[in-house]
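Asker: Residue strings, one per chain:
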Amino acid sequence: MSVQAEVVPAPPPSPAGEPLVKLEGIKKYFPITQGILFQHHVGNVHAVDGVDLEIHAGQTVGLVGETGCGKSTLARVVMRLYDPTEGTIWFDGRDITTLKGKELQELREDMQMVFQDPYASLNPRKTVGSIVSEPFRLHQTVPKNKVKSEVQQLMELVGLNPEHYNRYPHEFSGGQRQRIGVARSLALRPKLIVCDEPVSALDVSIQAQILNLLDDLQDEFKLTYLFIAHDLSVVKHVSDRVAVMYLGKIVEEADGAHLYREPKHPYTGALLSAVPMADPELAKQKRRIILQGDVPSPIDPPSGCRFHPRCPQSRAIAKSEGIDGPHPRCVQEEPELLPQGPEQIAACHFPLEGSTIEGGDASERFDDAIVEVQEEAERSEDASEPS
Amino acid sequence: MPQPLLEVKDLRVHFPTDDGLVKAVDGVTYSLAPGETLGIVGESGSGKSVSSLTVMGLITPKQANISGEVLFQGQDLLKLPKDEMRTIRGAKISMIFQDPMTSLHPFYKVGFQISEAILEHQEISKKEALDQAVEMLARVNIPHPKDRANQYPHEFSGGMRQRAMIAMALALNPDVLIADEPTTALDVTVQAQILDLIDKLKSEFNAAVIIITHDLGVVAEHCDNIMVMYAGKAAEFGNTEDIYYKPLHPYTWGLLRSIPRLDEDTHERLHPIRGLPPSLINVPPGCAFHPRCPYRFEPCDKEVPALLPVDGHHAAACHLSLADKQRIRDEEVMARG
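Read top to bottom, the protein sequences are chains G and L.
Residue 98 in this note's numbering sits at position 98 of the first sequence, with consecutive numbering throughout.
Add 1000 to a position in the second sequence, counting from 1, and you land on the number used in this note's numbering.
It is worth saying that the hints were derived from the structure and are not from the lab.
A virtual CB, placed ideally from N, CA and C, is assigned to each residue, including glycine.
Some hints could be false.
[Said to hold, decoys possible] So the derived label-pair ranges between C-beta atoms look like this: (1) L:D1196 to G:D255: 28 to 38 Å; (2) L:T1060 to G:T127: 30 to 40 Å; (3) L:A1138 to G:F221: 49 to 59 Å; (4) L:P1285 to G:E343: 51 to 61 Å.
Just chain L, same shape as in the assembly:
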């Protein structure tokens, strides 16, 4: 077992608001080994973005009550002073955001925006930084990088903007790359290009990657491990095979069953998860998923289930006994197709 690069331990991020305490992240634990790709999957409001923004140090104790530990190479990022965090953010851990239209500044040329990030961390001349930016654009397969660096974001297509964002994020050769819904705003064909690019660059730069998404389909081919989040907590954690072929949490089952599949007959009825995701101010007592869970029983609305390991790499937070879960899974969930 390699030494983990990034370890998040019992992270809690609670936002005090006028309506009450929003428990956006409520006890999340995971670790990331060098070269690993971790997928974090969940619906809107499951806390997947907030947990990674906190890792980046973009949510500060001024805005929220943060507890827990974020260990990066053994150092707790939550305890670092602001200026030291700045040397890590962007250089060691960097992030790609969902919407490439809004995350590039429309007034500045793309090359300048990338070189700005490099200049922040390296003592080199502007000219050298710009050359590096052009080289980065070439590495993310943007044709004519020299001319492109001299253009404004509006002259780029959606896919190209996302490539430019990736170039910016990788410019300083970070150890961890966090991609927050990197392809949600893009067409499927472009989505495939971008995901392949992230895969390729991951091995070139030897970085570890966290991909955050709401679509289990997106991460199937690209992740080693997957964490399914619900209402600020991890519902299930496992490697790709565990999650797709041996899922053990009713929420994961629901997610898998609600995706229309290409290899299935047309007009087969989908099995949506009934109800709505809970408000994070009034998280249901006990297991947060119990109001939507078709298999709930006695303890579900009283006791919070712990994330119990099934074997070395697979864990699920559900009160059902392992035998019951396996039976339901085999009889009802995986029976289709």
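Next comes chain G alone, as it looks inside the complex:
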């Protein structure tokens, strides 16, 4: 298969109709200030730095990345919980970037969120009934005398016993609390549900229950999900399309099967190879790319391709051309998101060839390069340390 971006035909048009959510050039910077009385602006945290993403109705789009890559910030921008620094958010064909007041509140009926920590996202002093009926009270979509029966229906829907209407969150286990969170998000029959790490805090057996529940609800209510997690196996399981984020940018986007079989971006390859597998034989066969060091600071992201200081591929290519360190092109030129095959886009000057899991042709070059990356990471860390 060719990796030259030019010869690959453009991806086929996406499913019919306008996407439900469309993000164009979304940037979110958080200012860093110094001084007590006179605060002056000394820099920005580039949490999200130019993201384009489309989510079609009825689809699940997964967002993966390490801590601090900006995936939760992006979710909050979509929800209009943060105002984007730049860019446009389209929802259902409408520009919602600057909606205010009543209009914004009405919009919230259509988009809801399920949070990561089921212990922190439920008010411990309220009963389940009042937690789940809160959306009805705020939006008044259901007459007061019908709220209770509506809530009990919701509880039944997510697999909770409706008789537990008057219980408090502490009386439930983690998985049941997450069900309460799901019931609350469903109350207004939204079109879009943003799930921010909904199963990360749960035990494996309970995690599967919640994933199946989300799947069933999607079928029943034609829901659209934006699903965020750091665990690639969970994201791949639930998503129609997966977007991989690194330091505020999407570096690769594809459907789950392509992403797993033929990752194009070295970062995706590294993420995949780090996923633990409950299969010792398969785990031993798989090509391991262990990334050294941590994600660089988003205050001053690396030049060119943001992944270049940790990228073994860039180094391997440079070495074959007789250059030490990362390839100059990666350091100077920022790669664009280009089509890399049907339904797959990646932002890399030197995309991977072959499968990461079964071992590709370049794997030996890769292994040499990893050692160098480690040394380089140490040096660059030295440079980035505050004096």
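Go by the hints and put chain L onto chain G.
Answerer: Then chain L, alone, in the frame of chain G:
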């Protein structure tokens, strides 16, 4: 068969509370040979952490009713007086905790915290202890260990803090290292780094390792033997191959089937274990797993199944006959993928 380094025999830890007796650990037996890695797998509340805290002597008879034996190099740790236990804890058996954010003291420099552990057990000067701490930080691949030793925990990233914890745990060259969910709070990429580091150091220091986790995926590549725990008891015990390819307990089947796998088609339905883990105050009679078990039959709610060996290294606590278990396993559980 080498002489076991650590032998836990019929360990029971019961906490008396106002609501009743919490049977956190209820008859656990295992042994650990030098250089071996044992994985203890189970859900929250299965007793996996309590059993290892008891081995460390961190749960005392004041807090709980403890019975059974913990033999370390032939010596019963449960009968040791407090001050003798202190010479073993940290020096011979040490532990890495789940949350590196809370297990380092935020007020003290990392180097000092590591040297403190060394000073407790060795009669050397503070300066020498600090030098050893720096050397340990270098061995766990922390760049610029000298500067790093002089920093506070908040200046470290999550992965680095866990490395510092490992440095502290290995500073005295222990014989047994217990890692309690060492990677649960970390990213997958960092998780892979930490697990590889533990593997590498294990062979360098020739230590035996116990890895406690709730995720069967984590331990697949790193363990020799695995004990699956449920409600304070061992449900299944075997080497890695037994557990992943020839599992014989319905709970192990459930755990394996509920993990989404990368090599599987998207949207394939998962098979969660239905219901919830039991309360340890009211453990179901008979086999504790029977209310959640799809294969339960006549004796399951009356008799507690014994952990019966299948062959030399593999044992499962289930009433189903071996032939039935093998049939169900081959037809239903391992059929996928």
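Asker: None of the hints should be skipped; say for each whether it holds.
Answerer: Hint check results:
For D1196 of chain L and D255 of chain G, the hinted distance range of 28 to 38 Å is satisfied, since their beta carbons lie about 30 Å from each other. The hint said 30 to 40 Å for the Cβ distance between T1060 of chain L and T127 of chain G, and at roughly 39 Å that hint holds. Between A1138 of chain L and F221 of chain G the C-beta distance comes to about 56 Å, which sits within the given range of 49 to 59 Å. With their beta carbons about 54 Å apart, P1285 of chain L and E343 of chain G fall inside the hinted range of 51 to 61 Å.
The earlier numbered hints are all upheld by this structure, with none contradicted.
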